[in-house]
Amino acid sequence: MRLVPTPEQRELRDAVCSFLAAASPMPAVRRAMESEPGHDPEVYRRLAGELGLTGLTVPEERGGTGAGHAELAVVLEETGAALLPGPFLATTLAAILLTETGEKEILAGVAAGTTTATVVLDGNRALNGAEADVVLTIDGDRVLARTDGERRALRTLDPTRRQALVEPGGEVAAVSAAGIARARDLFAVAVAAEQLGVLRASLEAIVAYSRIRVAFNRVIGSYQAVKHRLADMHCTLEQAESIVRYAAWAADEAPAELPGAAALAQAYLGRACFEVASGSLLLHGGIGFTWEHDAHLYYKRAKADEVLLGPPRVHRARLADLLEL
Amino acid sequence: MRLVPTPEQRELRDAVCSFLAAASPMPAVRRAMESEPGHDPEVYRRLAGELGLTGLTVPEERGGTGAGHAELAVVLEETGAALLPGPFLATTLAAILLTETGEKEILAGVAAGTTTATVVLDGNRALNGAEADVVLTIDGDRVLARTDGERRALRTLDPTRRQALVEPGGEVAAVSAAGIARARDLFAVAVAAEQLGVLRASLEAIVAYSRIRVAFNRVIGSYQAVKHRLADMHCTLEQAESIVRYAAWAADEAPAELPGAAALAQAYLGRACFEVASGSLLLHGGIGFTWEHDAHLYYKRAKADEVLLGPPRVHRARLADLLEL
Amino acid sequence: MDLEEYRRRARTWLEANAQDGPDGRAGGASDPGGVAAAKEFMAKLYDAGYSGITWPAEWGGQGLTQAEERAFAAEAAAFTLPTYVFSIGLGMCGPTLVDLGTDAQRRRHLRPLLRGEEIWCQLFSEPAAGSDVAALQTRAAATDGGWVVDGQKVWTSVAQHADWGLLLARTDPDVPKHKGLTMFIVDMHAPGVTVRPLRDMTGRAHFNEIFFDGVHIPAENVVGRVGDGWNCAVTTLLHERLSIAGGVGMGGQKDNPVAFEALRRTADTADPVVRDRLVELHIRSRALALFNQRLAQETKAGIFPGARGSAAKLLLAELTMFQADLATSLAGPEAVAWIEDGPGDASPGGTGNGEGPGVGTGDGAGGDGGTAGGDGGLAHAVSLAPAMALGGGTNEIMRNIVSERVLNLPPEPRTDKNVPFKELRTSGEAPR
Amino acid sequence: MDLEEYRRRARTWLEANAQDGPDGRAGGASDPGGVAAAKEFMAKLYDAGYSGITWPAEWGGQGLTQAEERAFAAEAAAFTLPTYVFSIGLGMCGPTLVDLGTDAQRRRHLRPLLRGEEIWCQLFSEPAAGSDVAALQTRAAATDGGWVVDGQKVWTSVAQHADWGLLLARTDPDVPKHKGLTMFIVDMHAPGVTVRPLRDMTGRAHFNEIFFDGVHIPAENVVGRVGDGWNCAVTTLLHERLSIAGGVGMGGQKDNPVAFEALRRTADTADPVVRDRLVELHIRSRALALFNQRLAQETKAGIFPGARGSAAKLLLAELTMFQADLATSLAGPEAVAWIEDGPGDASPGGTGNGEGPGVGTGDGAGGDGGTAGGDGGLAHAVSLAPAMALGGGTNEIMRNIVSERVLNLPPEPRTDKNVPFKELRTSGEAPR
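Protein chains in written order, with this note's numbering: chain A, 199 to 523; chain B, 199 to 523; chain C, 14 to 445; chain D, 14 to 445.
Some hints could be false.
Facing chain B, from chain A, some residues (calculated, C-beta under 7 Å) [what the hints assert, rightly or not]:
| hint | residue |
| --- | --- |
| 1 | C215 |
| 2 | S216 |
| 3 | A219 |
| 4 | T488 |
Straight-line alpha carbon distances no greater than 30 Å define the calculated DSSO-like cross-link-like pairs of lysine-lysine that follow [claimed, not checked]:
| hint | chain 1 | residue 1 | chain 2 | residue 2 |
| --- | --- | --- | --- | --- |
| 5 | C | K435 | D | K430 |
| 6 | D | K435 | D | K57 |
| 7 | D | K435 | C | K430 |
| 8 | C | K430 | C | K192 |
| 9 | C | K435 | C | K52 |
| 10 | D | K192 | D | K435 |
| 11 | C | K57 | C | K313 |
| 12 | D | K430 | D | K57 |
| 13 | C | K430 | D | K430 |
Keep in mind that the hints were calculated from the coordinates and are not lab data. Here the structure is a predicted model, which means the values were calculated and not measured. The beta-carbon is built from N, C-alpha and C at its ideal position, and this holds for glycine as well.
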């Protein structure tokens, strides 16, 4: 089992981190989320094309980089920490589904960064469904794909990522029951990696603020009430990171452990991320309640991510089944 | 609805409190729990006879005081706070059962303080079952009573109150389905009142200790980590007391509300009491882990009381049913 | 009149006179018509004797006790009264003037306040002075016949409608921070006062920022003594906590989509785990409701709740977060994304501008219950929930109060008590 | 040798040599035979190269890294080794001498310690100096050729078997408290040393109180420099936390009646709410186990865990309380009352002395499952659970460490740093 990133993974992290810090700092995130497309297409183009991240886990022979889910987790942790708007997660989930089910044509465009795609997750709802080039629907053991169909943008709690009602269905793109089952577990790991980033960034924000905000002539970070809450949040972060690394390792190296690891990852990360984001917001005091402060964007992303793959009890029930309780 | 004790109830509380402070302070509790009978028969005799407390809720025409469950709650809160050893709760539960089912003969002895009794709560287990004069068993809509039968003392987590395996059964003492149902709810209220006392005493102990214990040249009660835990415990106490007063009021004045109030009381008090007792013990530091300190006696009583009428989920499930969820 | 009778009469009056309409909170800023209607209702309330229930009769009140006030509030909780815009005046500013104002101030201000003719706001908090109110920086400099004020306030409710404000400003920076403050009555229509809506995390402007630029205040508008502003503010804050605990100006739970009664209708109660979570919410809700009722009964019995009201406020803040979190977690995806023109759509901060073609709610092919069943109500609730834990004192401040004033534990060591204000640290500075 | 190979060999050795017996914790005080067997096992362990894995070869160790030590501990967790009585020496006293001892001290003490020939205990805590170790009052006064010690220590594990103790005592009360301490090696067989078992809340004596009455210590037994005892103690405590985090001297979970694997067998998993609670326990257990494994891997990769080990200790303390509480809550009445001669009966503190006649477990008439199914194991677990949150630093101290040394938050304001020890407050005194 490997729970510590390799030097190569650390390099990848640094590269993504530097890119996002330059191309999509929080003021840019705010401009993007209020813009008509809801994200900066240029940032997405560079992320997908220049950095090749939409094809990261796509095999080389199908146009991708052929990296593992441990690498993908490192990337999603950073896009999560940066609250990157746009269809990167949606397209990544689509790439996972198409890779695991052996699809090739759509995947080529996704891996090349020229096609955006999304997966219908819940009835007729899809992340970035209004703007995706291709909408994928899981129907039993088949993956359906369509580029047409009605789309209707939804209002969302999380202003940094859009959702839409879409028309499910389309042509059969691939058939693979096992591939679909594995893809669903990989979705859980991918979202958990994003949640880890949101959690970490929320904690970092309040730690930094508590070192400079003064109340009663002391920085608030010197009060035990604040310190101890932050220590507990740090404990949560340590466990969250350990679980995400484990689940990503299982995805790459221990397929038999993946279902349990994936359910564990969603069951832990969903709650953990919202609790830390929520604690971070509250400890910011009144400033954290303003629209201009970023705390609420993390809080809302955390809540949206917590229910993205279904309410938390779904993952807990799955874990119970896998544990044969 | 009446949530504040009347002046008469406050007088009763003061009388019981003074009696226990003189007759059964903690050193006496420790002597009693390590003695062969497990309690001080003289204290019980005076409590039952002189103060008439085993007949408190027994109607006057059947030899009791004819007081209400609000009065009984006030008394049990004090016996709980004092960790009174012996068969007072067991006999009180028996008195409730016999009163509600219209039994007269055994009740006369119980009300007079000359008979100790217990109720089989769980299969063949009874509080103070080894030493009770009468063992009552609920069998459908009948109450059975016996004075003979084998008894086998159990080892208990809580050293301040004994339990035993007994032989259930005996002669039919009373028949009343409605009375038995109501008695079960009244058991829940009675135990909740005891739990309120345990909770309150646990909190008072750690508040007092945190005002005198010094660490790093400050009393520990000046540290926010301690203060805020204690503030949260105080919030728990306020809610716990409100619920117990409400449930006792419902027992006396609003029979239709009693089942819901009783289930609420057990569902809240069981957890609340153990959490406060547990927090109190931990905040005492190492001294709280010693046998000689009283914190563990409260902790153990809290745990024993939490499961006395069945595991906590039983009360939550009943509440769900009553709420028609 | 006994309390039950009082309560019965209040209910009768409310049934006859309270419309089941908005409380004036939503859209108030852009809806002067709403404010006009609210003023009309307030005049009726005053004439019926339900405004200023505990205030002295001499100044227009009813001279009754907290018990009657709580009884009325308990009955009013079943209605949605349009009194929000008056809540600061009724709960905080007015009671402060009753306690500390000059007779001239009381005569001029209290009756118009109670009748809803004039609206009040409270001006204490500043960006760098939240929990630590006494660290405020707004300056009031003495001038001919009065004072000149410069500075910035924040978190000011209803300021956009306010005629008067209760202002706390620094009149002496050379003494320790608690000693150099003074309280004033400020005319919100005076030159130099700018009110700017403050958009909060719900996407709405529930609050305002207020800028003072050379605003003149006449000398007779000082409340209490010059330099005694901290003690005056403590009085105001005490009234604030009492009014929150007493439910003054607070709506009921009846339309709250995250309260138990709503969730029992919407949640999947066939799942025993969901049922257990709802039981938990019921337990916590009842526990707090009973505690509040007990405090009310004690007040009636002459036991002053004091700082125990802060325990109720803390519990309410925690319950508010808990239930919003629970409701969204139980609902799942539809809690966080919904069709924009749903009836209760309530989050202008959300995205999605309707540019897509129309896809109906129910016409998706592949899902069971996977349609956008939410109407934004849950999303709004989870966005608004932190407000209860931040306004009127954070949870940490409440815990300090409960531990120090109820449990009598010692305060933290303080380093800001005997130092001139100008020598204190401010946020963002390195430690001295 | 790579780590997997090392681990494989360790497993092979353990399978051949470790009996599946008690760890020497229970009943050790009254069982010298158990200690003799433990010493025999320790000699074998030493000869096989698994004692002092990270210690310098020069003093009898293996000169390997934390990675090998953790690998061995991970394998050993599947067994119950009789090493408890050596754990203080191996985890704390020995490493301190490796770091700070004189060559003479190392030569005299380290090899016998590693071979299990001599048992060590650690003598820091006092009744009035728990979390605040530096507030200790035991005095060491200079005398001819050494020191004379008077005072009392507490919470001393294995002292009843100990040959040597690592003692922290005050050599100068006139300087600030951290500056007047000195560390000593004390002969536990010296005249004036009294060891008294301390009965704890489980009813057993897991710890001891030690009384020093004019005990002479030769000058060469000072560890480090006179007056530098605080820094020496910091070294010892660092080793303590590492050894707890690394699992040195800790038993596995395999026989723990409140761990997930036991509860899945005993709990009523037909109830979905019970199943959900077990899932919660699984999640928390796995989360902590994975965190510990990650720390071990980072250590191997050269990333020193430092104060992050305190996070693991805090989480372990919370998990220990959580699982004991959960197990007893799930079990219900049988968790807290059981037949006295049940096989795992483990709480001599409990009552019930067998004076009643024999009523069999299964012969009750009126109940389903209402028999005394418990054997005292759950009761013992819930009685022992607080130990993890109190020993080796309370949860509050762990949170201080994590917040200050991992998150770099500032410490609390201190009032005890620059004041002579004799002027400091002690417990029970009114504030000065």
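Hint check results:
no.	hint	verdict
1	C215	violated, 34 Å
2	S216	violated, 39 Å
3	A219	violated, 35 Å
4	T488	violated, 26 Å
5	K435(C) to K430(D)	holds, 28 Å
6	K435(D) to K57(D)	violated, 49 Å
7	K435(D) to K430(C)	holds, 28 Å
8	K430(C) to K192(C)	holds, 9 Å
9	K435(C) to K52(C)	violated, 43 Å
10	K192(D) to K435(D)	holds, 12 Å
11	K57(C) to K313(C)	holds, 27 Å
12	K430(D) to K57(D)	violated, 47 Å
13	K430(C) to K430(D)	holds, 22 Å
Violation of the numbered hints given earlier is confined to hints 1, 2, 3, 4, 6, 9, 12; the remaining hints are satisfied by the structure.
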